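Peer 1: Chains as they are written, first to last, in this note's numbering: chain A, 5 to 122; chain B, 3 to 115.
Think of the hints as simulated: they come from the structure by calculation, not from any bench.
Model, not experiment: these values are computed from the prediction.
Heads up, the beta-carbon is just placed ideally off N, CA and C, and yes, glycines get one too.
Honestly, I wouldn't trust all of these hints.
To be verified - As a list, the in silico SDA-like pairs of lysine to any residue whose alpha-carbon atoms are at most 20 Å apart:
#, chain 1, residue 1, chain 2, residue 2
1, A, K45, B, T112
2, A, K24, A, S9
3, A, K45, B, R110
Claimed, not checked - Simulated coverage check for chain A against chain B, where a stretch passes if three residues somewhere in it have a Cβ under 8 Å from a Cβ of chain B:
#, region
4, 42-48
5, 96-103
6, 111-122
What the hints assert, rightly or not - Listing some non-contacts, in silico: residues in chain A with all C-beta distances to chain B over 10 Å:
#, residue
7, K24
8, F38
9, Y62
10, K68
11, L78
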Amino acid sequence: GAVVSQHPSWVICKSGTSVKIECRSLDFQATTMFWYRQFPKQSLMLMATSNEGSKATYEQGVEKDKFLINHASLTLSTLTVTSAHPEDSSFYICSARDGRRGIQETQYFGPGTRLLVL
Amino acid sequence: AQSVTQPDIHITVSEGASLELRCNYSYGATPYLFWYVQSPGQGLQLLLKYFSGDTLVQGIKGFEAEFKRSQSSFNLRKPSVHWSDAAEYFCAVGLYNNNDMRFGAGTRLTVKP
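One chain only, chain B, in its complex shape (with noise of 0.2 Å):
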């Protein structure tokens, strides 16, 4: 079946340390892949994007995620976290020329300090 899977609910790290958020697909064809980022009772915020190209993407606030097509990923990682990016993340799948969208069932990112 097709879907996007975060197999992480929650994942706890100390401040400073280093970040990896897992995400799976299970799409056909190119997939348009996302990172979005929710703070508690807000909007969505996109974090990257990829359509094509460098498998490496930068993104905002200092995330990257590296597509995987042999392993059908796109994990996002941080080289060091800061408190404030405590929140709930969601990796997308744009499908049909990028006009629908399915989401992972999100993970949630708490710092310790």
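Same shape as in the complex, but just chain A (with noise of 0.2 Å):
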């Protein structure tokens, strides 16, 4: 099945560092990919929308110098949490999906990545 990772799955750091996550898919290619945030016994809010070799559209309210994203390639995405501050730790959820694989193609997640800024 497809599989979407996730790395780091946990990163601590100091107020003002940033920090990159990493959403990869293993065994199919993503046109698209998201990333969502979630808060703790909340749901998913979705960030941002990624298609390869494009910008990056972005949810209203999200900052879109504080969290840099990347899709450079049709298994790779990035997110980059710029100048991480305590209110930006939360768990991030990747997901990805073959969009030319028809309306049908679900996505697929990633296991999360929990960051913890102190």
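Fit chain to chain and form the complex, with the hints in mind.
Peer 2: This is how it looks when you write it as structure tokens:
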């Protein structure tokens, strides 16, 4: 089946530093990748959608300069949290989809990355 | 407003009992509907999905869901719950040719011995 990995699974960093999270589709090509944020005991909130080779589309209220997304290949997307602050601490989940397989092709989710900013 | 609603924040059932988790949506056009399960600290696993055709959909782990257009609902059911089913369950709608997904708030399932 389709597998999506994320790295790292856990990251602790100091306030003001930048953190990069990788999302990889392991056995399929992802024309579109999605980044979600999940606060404790809450649902997933879509942050941005990225199509391979294009700039990401950010949801309203998500700072583009704060959350840099790169989708340079059909198997890799990265989310960089720049100048992280404690309020950025959260669970970040990516998903990937091969839109060329048709409308019924679902998103496959990664295991998530927990970020703690001290 | 467009939304996905899961009315029950937390449900507790006894092991072996039947389960129904509710989901209502308020999006127009043809809905693409999904149920996902999330164990603590984990990503999401797809249980089942509905795109068209038979309104009763079978999924993994013994789950099924029924799409009722008249009620704008897509409720998840399982005839006999196992302790390992304890998790968070999310209903989701796929928009824009299924290239955008919106989630409900989730229902946390606790299973009593």
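Peer 1: Hints the structure violates: just list their numbers, smallest first.
Peer 2: 8
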